[in-house]
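Residues per chain are reported as follows:
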Amino acid sequence: MITDASPAAQPELEPLSETSEEQLLEIAMGPQHPSTHGVFRMNVVLDGEHVVRLKPVFGYLHRNHEKIAESETYLGSMPYTDRLDYMCPITNNWAYALAVEKLAGIQVPERAEYLRVIVGELTRLQNHACLIGFLMQDMGSSGTPLMYAFREREKILDLFESLTGARMMCNYMRFGGCRVDMPAGWLEQAQNVVREFPRFLDEYENLLVSNEILMERTQGVGVLSKELAINAGMSGPMARASGVNYDIRKVDKYSIYERFAFRVPLGAHGDVYDRYMIRFLEMRESLKILNEAMRDIPAGPIVDPKMRIRGFRPKPGEAYGRIESPKGELGFYLISNGSLNPYRYRVRPPSLINLTVLEDLCIGQNVADVVAILGSVDIVLGEVDR
Amino acid sequence: MNLETIKSELEAAVPGCRLELVANPSPSGQHSLRIDAAHAVAVAVCLRDAPGLRFDLCSNVTGIDWPGKQTTEKVKLRKLVDGTQQEVEELRTTTTPGSLEVVYHLFSIEKKHGPIVLRMSTQDRDANAHLPSLTPVWRSAELQEREIFDLFGVVFDGHPDLRRLLMWDEFVDHPMRRDYVGPDDYEYEPTAHDEVLRRANQHLSEAAAKLPSEAVGNQQSETDGNRLSEGGGR
Amino acid sequence: MDEKLKNELSRQGIFTTSLQELYNWGRTSSLWPLNFGLACCAIEMIATTMARYDMARFGAEVFRPSPRQADLMIVAGTVTKKMAPQVVRLYNQMPEPKYVISMGACAISGGPFKQGYNVLKGIDRYIPVDIYIPGCPPRPEALLDAFMELQKRIDRQQLTGADRPRHLNADEPSEFPVPRFGAHDLEPANNPNVWKAPLVQISQTGTSQTVLPQAGTDESRNN
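Protein chains in written order, with our numbering: chain A, 1 to 386; chain B, 1 to 234; chain C, 1 to 223.
Keep in mind that the hints were calculated from the coordinates and are not lab data. Every residue gets a Cβ at the ideal spot worked out from N, C-alpha and C, and that includes glycine. Possibly wrong hints are sitting among the right ones.
Label pairs and their computed distance ranges (CB to CB) [as the list claims (entries may be wrong)]:
hint: 1; chain 1: B; residue 1: Asp157; chain 2: A; residue 2: Arg284; range: 45 to 51 Å
hint: 2; chain 1: C; residue 1: Arg52; chain 2: B; residue 2: Ala37; range: 42 to 48 Å
hint: 3; chain 1: B; residue 1: Asp126; chain 2: C; residue 2: Ala162; range: 55 to 61 Å
hint: 4; chain 1: B; residue 1: Thr5; chain 2: A; residue 2: Val264; range: 29 to 35 Å
Facing chain A, from chain B, some residues (calculated, C-beta under 8 Å) [said to hold, decoys possible]:
hint: 5; residue: Asp56
hint: 6; residue: His105
hint: 7; residue: Ile109
hint: 8; residue: Lys112
hint: 9; residue: Glu142
hint: 10; residue: Val172
hint: 11; residue: Met176
Once the Cα atoms are required to be at most 25 Å apart in a straight line, the calculated BS3-like pairs of lysine-lysine come out as [stated by the list, open to error]:
hint: 12; chain 1: A; residue 1: Lys226; chain 2: A; residue 2: Lys250
hint: 13; chain 1: B; residue 1: Lys210; chain 2: C; residue 2: Lys6
hint: 14; chain 1: B; residue 1: Lys111; chain 2: A; residue 2: Lys226
hint: 15; chain 1: A; residue 1: Lys288; chain 2: A; residue 2: Lys250
hint: 16; chain 1: A; residue 1: Lys315; chain 2: B; residue 2: Lys69
This is chain A alone, in the form it adopts within the complex:
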């Protein structure tokens, strides 16, 4: 993907055995730390500037989503899914709706599928834009890049607000469709936002992509090998930056993704720079999907008319449904025993599982690179701890 970049040179380290245990410094980064993207804590053991060990500590935002969902009705859990990965609530809704539709065998009308793809890809745009903004902020470019990203995010949130009534917690999907149809003029508004979006990407690229400081800070930092990425269950941009060709939109062909022409960008080095560039390229592919979906969206119902909202009881059984959320593979595993609420409700959180390799990425790096590596993983604590 990045042809002009020289192969990543590992920083030369002094052999660690010469430093005795007493000379090591242990610091706790977080849970209140400006660069941990929430209440995440890492116990870092340092030898001078270099990381020797790193133990992540979870649970500071463990708010018992799964336990609560097991005493809620199926639909009652839908607003809770908004609050899992609170940067992209709509894709969470989608994954949950998909799992329930698998469990109960519900069909989704054509127009609803298009609506889902449109709001889902808009979510991906704003998530990736904010991610690179936060990543720049973590690396010391405070202010401007994040402000640019949030400027774009506000435009997309305006679309969500006029469609669903809420800026962040949209609660948009229903089993077998969507909750509301587009208001008049919404499609034109959305088309305008999508038409304007490449300008932001170009501006950002001119500003940063070939910026020497950025390259120096990110290339060869936090390298993740392809083998480890697969074995440790990496998903989403994190896996694809290491060259794993696995995009659930292509593999599972869920919803109507097979109708759109888009490519899956892959990284070659698996370092922070590749993970950063992957997001850029994915945004450009998302724009292609959005353009096609907005052009082709048919008229029709937005929810299966036979679907009963009240007293919804799927037959006993279980289902695992998953989608390609902006963070990775977001899955829901549901077991029904025929009653109003699920017997077991499980979220497969991509943010948590992508942190499995955090220690492997950070060992041997400088302590200042830890925040860059963590920023490139793209975590949201609501999903890590649930």
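Assemble the complex: chain A is given as a structure, and chains B and C must be docked to it using the hints.
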């Protein structure tokens, strides 16, 4: 991929393993394969490495609690009462021990197929809640098995770093079990409903019974006057 | 000083003020919030500081990463029991005068997650809160409104007398005990010197009224 053929392939590759197909009646059609704990690691390695299978991505690992059931039934027995055979009704209670189940969802990145669902059960929910860890086979299970250990109390033998993941270390319960009773801190809820409302009202009547009647009306001013005095670091 | 005379003087280019006005003006106009987010509400807090809502207009854009330099804590998001000791500790580390905004339903009462075993039912169980903002999450406008309300309150404060704020009263504490992790719950589950369960009647419809039980009657208790 057909689960039957996978099953027979595994049985050929791992001699002595006991596999059982578990049918899933839901329209999702995701049937699962129950494996025995003794051969779990060998079966997992075979699933990951056999050229036809290549399930290299262990996507989702989770636990399920199946508490023991207590069933009471009336049994008619013939007994000797006062020297004569009589029919006597007796209540007989049977308790099944219950179990903790762990479910693995596997996919293949290389072959792009899946999911295949593996299940393992513990013998009971207390002393024998042990299962072999599959983290040595798939690193992705590392944090998820720690979560199951924390929230369900399944001990994974062979896990490299089995500690609580989400709750603090001093915590003793396993909150995702069905019989877990949470701490009772519903003294006041502004928007209570259902169970929360019931417990909040219970607290309220207890508190009102405790307080002398005059203190209730003056409560607000009392709170203001009684701020903690030992802090004082200014 | 007479208001009329003051106005007359200011028209002549002579500005007069009292120590109290000056002191309150200084604190009002440069509140420095702690750079501290817990959950979803933190994203809206960040959005408030960005270009569209621009919190800098109120003198509060300087988010400090260290509690030692901050005087406003915006508790933005769900406070879990695992996080609560850290929140109290951060509050204790802030210098007086300090203020707390409890942002969002979770920080007020546990919000949608109030049934959770690991969710603290309101940060006001451990530290005093000045402003509550309802919403899940509150919009940036709501945070700005809360912020302006806090500024108005600071502006009204008296330097002397019985109503003087906490930081000017030597008998009032500025630090609060940090709860410990117990085997089942935090110990203690709340700080009784900061928080007492309001005796309210919780009706089925969700509206609540203050109960004033009469001596000898039991009616008010049993609803």
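Report task. Under 8 Å, Cβ to Cβ, is where Ile109(B) needs to be relative to chain A, so tell me if that hint holds or is violated. Result -> Hint on Ile109(B): holds, closest Cβ of chain A at ~5 Å, below 8 Å.
Query raised in the report: Between Lys210(B) and Lys6(C), is the straight-line Cα distance small enough, at 25 Å or below?
Result: Cα-Cα ~56 Å, so violated.
Query raised in the report: Range hint 29 to 35 Å: satisfied by the CB atoms of Thr5(B) and Val264(A)?
Result: holds (30 Å)
Query - Interface hint outcome for Val172(B) [beta carbon to chain A under 8 Å] - result: Val172(B) check fails; min Cβ-Cβ to chain A is 15 Å, beyond 8 Å.
Query - Status of the given 45 to 51 Å range, CB of Arg284(A) versus CB of Asp157(B) - result: Holds - the Cβ-Cβ distance for Asp157(B) and Arg284(A), about 48 Å, lies within 45 to 51 Å.
Query raised in the report: Between Asp126(B) and Ala162(C), is the Cβ distance one that fits in 55 to 61 Å?
Result: This hint holds: roughly 60 Å between Cβ atoms.
**Report entry** Pair hint Lys288(A) and Lys250(A), alpha-carbon separation not exceeding 25 Å
**Finding:** holds (15 Å)
Query raised in the report: When the nearest CB of chain A is found for Asp56(B), is that gap smaller than 8 Å?
Result: With a closest approach of 5 Å, the Asp56(B) hint holds.
Report task. Go through the hint on Lys112(B) and say holds or violated, using the shortest Cβ distance to chain A against 8 Å. Result -> Nearest chain A Cβ about 5 Å off; hint holds.
Requested in this report: Given the hint of 42 to 48 Å, check if Arg52(C) and Ala37(B) actually sit that far apart at their C-beta atoms.
Outcome: violated (57 Å)
Query - 25 Å Cα cutoff - pair Lys111(B), Lys226(A) - result: holds (16 Å)
Query raised in the report: When the nearest CB of chain A is found for Met176(B), is that gap smaller than 8 Å?
Result: holds (6 Å)
Hint compliance for this structure: hints 2, 10, 13 are not met, and every other hint is.
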